[in-house]
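Q: Residue strings, one per chain:
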Amino acid sequence: MTNPYIGLPPENYWRTAVAQSTTPVPKKLYSKKWEIKHDDKIATAGSCFAQHIGQRLKQSGFSLLDAEPAPAPHVLDVNVQKRFGYSTYSARYGNIYTTRQLLQLARETFGEFIPHDIVWQGQNCNYYDALRPNVEPDGLESPEEVAAHRKYHLSRVRELFERMDVFIFTMGLTEAWEHGSKGTVYPTAPGVIAGEYNPQEYIFKNYTADEVYADFLAFRNLILKTRANGNMPKFLLTVSPVPLTATASDKHVLVATMHSKSILRAVAGTLANLFPDIDYFPSFEIICNPWGHELFYEKNLRSVTKQGVDAVMCEFFKEHALKNGAPPQSLKLASQEMIEDNVICEEAILEAFADEGGKR
Amino acid sequence: MKVLFAGNSQMSCIKLAFDAFPEVMKDSCVSFYIVPGGQGPPFIIENKKLKIISRHVNIKFPPRVTPETAKDAQIDSYDAIIVGALGHYDGGFCFGNPVLHCGILQKYLPKHNEHSNTPISTVLYKEILYAYFSKQPGFIFLRALRESFTGVIIVHPFPVPSEVMKTHPEWALNKMYNDPLGAHAFFMQLRDDFLEKECRANEAILLPYPRPDYRKNLFAPADIMHSSDGLHPKPEYGLMVLRQIAETLAACDRTPVAVSTYETARREACTICGSTSFKSAWNGRLNNGVPPRCAQCLSCERHRVFRRAFDDMPPAWFSDKNLLQFFNDPSVPAERFGKTETSIFNGTNHLDLQAIDRPDAFYDWVVCNYVLELVADDQKAMRELLRIIRPGGVLLFSYPSPIYREKTNDWGYPDENRAHHYRTYGRDAIATRFADAFAGWYVLSYQNDDPVTNTPDICYFATRDPLKFAELRDRQNWEVIISQDSTPQAPASDHL
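These protein sequence lines are chains A and B, in that order. So the first sequence is numbered by the working numbering: it starts at 27 and just counts up by one. So the second sequence is numbered by the working numbering: it starts at 24 and just counts up by one.
Honestly, I wouldn't trust all of these hints.
[As the list claims (entries may be wrong)] Keeping only pairs whose Cα atoms sit at most 20 angstroms apart, straight-line, the calculated EDC-like set for lysine to aspartate or glutamate is:
id, chain 1, residue 1, chain 2, residue 2
1, A, Lys84, A, Asp66
2, B, Lys403, A, Glu324
3, A, Lys63, A, Asp303
4, B, Lys149, A, Glu167
Source of the hints: derived by calculation from the structure; they are not laboratory data.
For reference, chain B alone in the conformation it holds in the complex (with noise of 0.2 angstroms):
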């Protein structure tokens, strides 16, 4: 098994224990890439190899990479990665943390000193901890390794700091609180909660601490620590953690982990560029246990689906017809369209959705998928959507998600533990929430799974165009929403 140690200087006693016992790891062939400095690894992943972020290269402790092909190998080379260490804020008795500072928690009396004296309920303390982790290099880096890496991924946790802290002038918390072990467990059991989320978010194996007393106890023995800053630990810690590290190994390497089983649960291959190579989605997500999104053309569940949609309709829908489509959509076959305009959100051809700034009747085809969720007045929006088609033009929209729900949920603002989206639509919502906008038009339902995670997923098409929607409505897979009647009306030119 091949083995990478990617971390920063409290990886360093794991290199030493290595280095001393490498029979510990006698089944692997072990590499380790280091780069000192306390937020965790700061790596990024260039063409699928490690790139370290130069700004946290700090020239008095330089990365140092055994063997030093390690620099330049694959990542998915590699059976198998450990992230280390994760999980910084506090900076022992050396280096203060602003995070630390920031504020003051009144329930562990603070003292009256040079610190701020802000005070922030523990609500709050935890949102800042857990923003200040999500922005942590190491932290990116996981979430970055798990988007291309499809092995085993171990964290080691930053290590429970010295004993000698608790008594040690210095250190922050004694600084500030009389009760700066109270305030030492909040702290730690806010980071061992986020080490936990992101480790299940990111499919990685999140290693405990060496032994339960360190946790129990919130320090480690003064012994097996270095003595300077009580941050950094000796090698009696790393060899503890490296044994954790080969258990584990073998462990995967008994029980065959989600990452082999991936071949076998796929079915076939993606409709948009016919890879049938995957990988896990944002924060390491997958489906019905497969990787769902596409190593090629970056597609997920619903793109493909989307497409399959595109491909139920006659080619000459497409050819000399002009589009404009929202966000470089993976599921709009362009290159059959004469001419495609991309809006992209905040770049250089941004259109606000509610005022779009194009005339009437311009375009032949709009695509708008997974849009009208992030906008404020999604009525407003669909009206402009309807204003720039052209007479017998279509709109080819979704948004999440009827697919799984009747009646739309729409809380009104841009929940920021739903993505920022405003709401959730159900199947209710062409009827009633954009009835008004859909007089004078067809809409039809286009369901179907997505082959390659078996999901399902749906997507509306609408035009005035009555021969249009008489060539899909009778099809497999379309469903008439909005029908006009028995003898449609030819299409108003500008009815709105």
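Excised from the complex, chain A in its bound form (with noise of 0.2 angstroms):
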């Protein structure tokens, strides 16, 4: 008697895939779809973890683009810069949690959408970018200003947009603010890091994954449709394994993430299943899985430690080989520890609530 489960090939099987590896990360967990070439102009964007993939690109010999690079970068230290939303992704948008949010930052780019309520007031009386509020930490000194801010950035965003070859997007949420009635999504809830919170006006969204779905597509769509060279770019998926730091559902924090990272982990292996130009890279599998809890994790139970990190791109580079081709060792940059240590996320201050409970 036969049945389709003989004879498959070891990685298909649990007991020898995983239970039985001898390595931190199992073997032949990815097959690229199509190849990146060491000229192919890559875009990042997404949640923090995204953070990480573009550094390590960078580091490696990639030629990952920066259309928006931070001013007189011969003179401020990679930190500053950081601090300041530079270096950190191809152009200063900031963390992109939602592909909500990344179809409206494509469709405003565009001109299709203009966002709304936008400037929001800080505790210090400044003004910041509602749309990536962490990019100037004082704020800035008027609202002009900050639509001049930006006007620059949509700017930017067009050029890498028109000019990227591949675009890596690391899926980080489900869970977001909108406005109620004209729609614009914000990467944080009013009243985080600037704005005020009045219920009437922003209401809590939790995508589903339709709407997820949807919403990626439609970036997808409306990027092509911009290429009128025929010039098409490619698109690789991750989903961030960075737990959600609190949670506005009603349900239990960790029910929460599991929620969201589920619905985003199944949208981008359902994107990629389907479209041949979607590419979807397992990160998410490899932190988040029985054995990476202890290696993978930092003692909050959702930073991922460095080794973490290199554990992830150790897999990516192992099918998107070096330029210098140099063993995946070598990306350990001692220099750059506390550089790659350095990760912004506006997430992360909610923990700063977190203790205040119903306050918030």
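Build the complex from these two chains, which are given one at a time in their own frames, with help from the hints.
A: Here's what the structure looks like:
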């Protein structure tokens, strides 16, 4: 008697592929759908975990785009650059946690959408760009200045979207805050960094799988539509393994995290299965697995350890070889360790509210 | 009083003024060492002499030294050194400056032209300008000078520009802004703030601009500035500065500055090398009014305290033992050990504290002073340090600053404003943060004063050897932090 599970390769069986694995990351976890060439212009965006990916790609010689580089980079310390939102992603958009936020940015960039209520005032009375409130830690001096900075930013994002060959996007969250009547989505809740929370005006959203799927597809189609030259970019999706710092849903934060990550993982897999130009890289699986707990998470059980990032990128580089042919270990540049640890995450700011309970 | 003027082309006006009116400095023996170039004098100090960084020498405008012997004079031979002109950022109407062109400030109504249209906030521009100044040869020289020179340092700020700039079409700010004066005031204020900060940190006297109205008006009158670029003053300006300097030096002479009080404030010799010669520490830091760094072995306060801990232990504990130290730690009497290995960060023998590439139980002694605060996962690092120690071995370690605080404050990232430290330790760290790591270990603290500055510090001694523990536990300055049962068990060979 036979059945379809007989004679499959070892990686198809949990026992041989996972339980008996002798390496921190099981073998053959990822097979690339298409090649990323070293001269492919790569853009990165997403939730804070995506910062690691961008940094490592840059260090290893891939052609990472920076459409909005820091001014005077020869004098400005890289940690200061990062504090002001530079040298973090391929443009100065800060963390893009949801696909709705990504779609909104693209639509705004190409003139299809005008976001509403995007200048928020901080406690210091300065003005913040509500769509990327962390890029100016002290805010700006006037709403007009916010508008001017945003206009320039959009011009850079447009150039980025028009030039990129590969777009690597790390899906982070399904939870977000929207303007109730206008639908503008924000990366942080009003009141966390700037702005004032008014429950009549801002509503909590937890996007469904259908919405996440549709938003990403709409983003992809918009990008493809703008390419008159026929040079179509490819899309590499990952899902952030970093749990929610806090949930605004009525669920336990662990349940909310699993809900959110399950949706993102399912949508990413579906998109990769259906579209030849979309691939999925399993950083989520590498970190969130039964054996990864101690190795790959810091003591807060949220931040990913350097070892975890190493493991993720090691798998990535197995399929997308390094420019100089050096082994993945060469990525461990001691001088860059401090930079890598300095990941900017607005979500982490929510931790400051953890002890205040219902005050939030 | 012997005085050296070390400067760039902006100091030429002072030299010309001195040549014409030497009586202004009648009480001083004056030397000039001028290296033209806009970003301050490009000197380093080598063997206590000034040496020009060669890449900054302009063949067209070679260095000028008077008298010629000043070139080889030791800096110790001067009572005062004048450094100028510091704080260049604006190339006037002749020279562009990438820092002014790297972006625009919305506040000052940018013109849309060929210059960068990258908007920069005022907060970020401050970071950029400060970083730019920090890397200028003039400020680097100022810091190096304070490290090596205990005399008076006077800083001459970069002159306010000529008022002809205001209407000059080639002035960068005129080309970039509809409100160039607003932008000019903004940049000048940043320069002044930075100069003040640096001079304070380096115990240098900052001269004010020669007349308050120059600063207030943001410009100097056209007739006292050369017309070449709007940035080089004439001797009239130089004479005003020369008089300021003469008055400042006279005041120093009447009221001896801290330099001359150092000797009386010091109490004892260096515990490491026995030297009685001391100098200020990094950025001109003094402690209790005393220069804390030993001029001979370069030790600072903590090194001398920790050396006292070593001196308090039986010599037999070191002989024939192998030691691993993290950086060339002056507190460690390496000559007392049988064999010493040193890990240098980013050096040839760089060991990652969080994953030390050595077998278990490899060293008799490990010394790790003032490193853990720079490590992301210090608990893992501590486990690693203990792992590589042989049974009966010792870990001696320290960090900032349990002597001053009860509770550890871990902010979780390398804060550039706090020397890239991840945290500062309190006295609670051993019993809380490192409690798991020290299971089965005896831990003692050693606290004492640095005899030079009278400043206390504390280090920790960990061992699994009950005999070593018993030897130190009742001695003065040693305090038990972790003890095992009243009848200590023989240390397990591999409990980790």
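Q: Now tell me if each hint is right for this structure.
A: Hints and how they fare:
1. Pair hint Lys84/A plus Asp66/A holds up; C-alpha atoms about 12 angstroms apart against a cutoff of 20 angstroms.
2. A C-alpha spacing of about 11 angstroms is found between Lys403/B and Glu324/A, which places the hinted pair at or below 20 angstroms, so the restraint holds.
3. The suggested pairing of Lys63/A with Asp303/A holds, with an alpha-carbon distance near 14 angstroms, which does not exceed 20 angstroms.
4. With a C-alpha separation of about 14 angstroms, the suggested pair Lys149/B and Glu167/A falls inside the 20 angstroms cut-off, and the hint holds.
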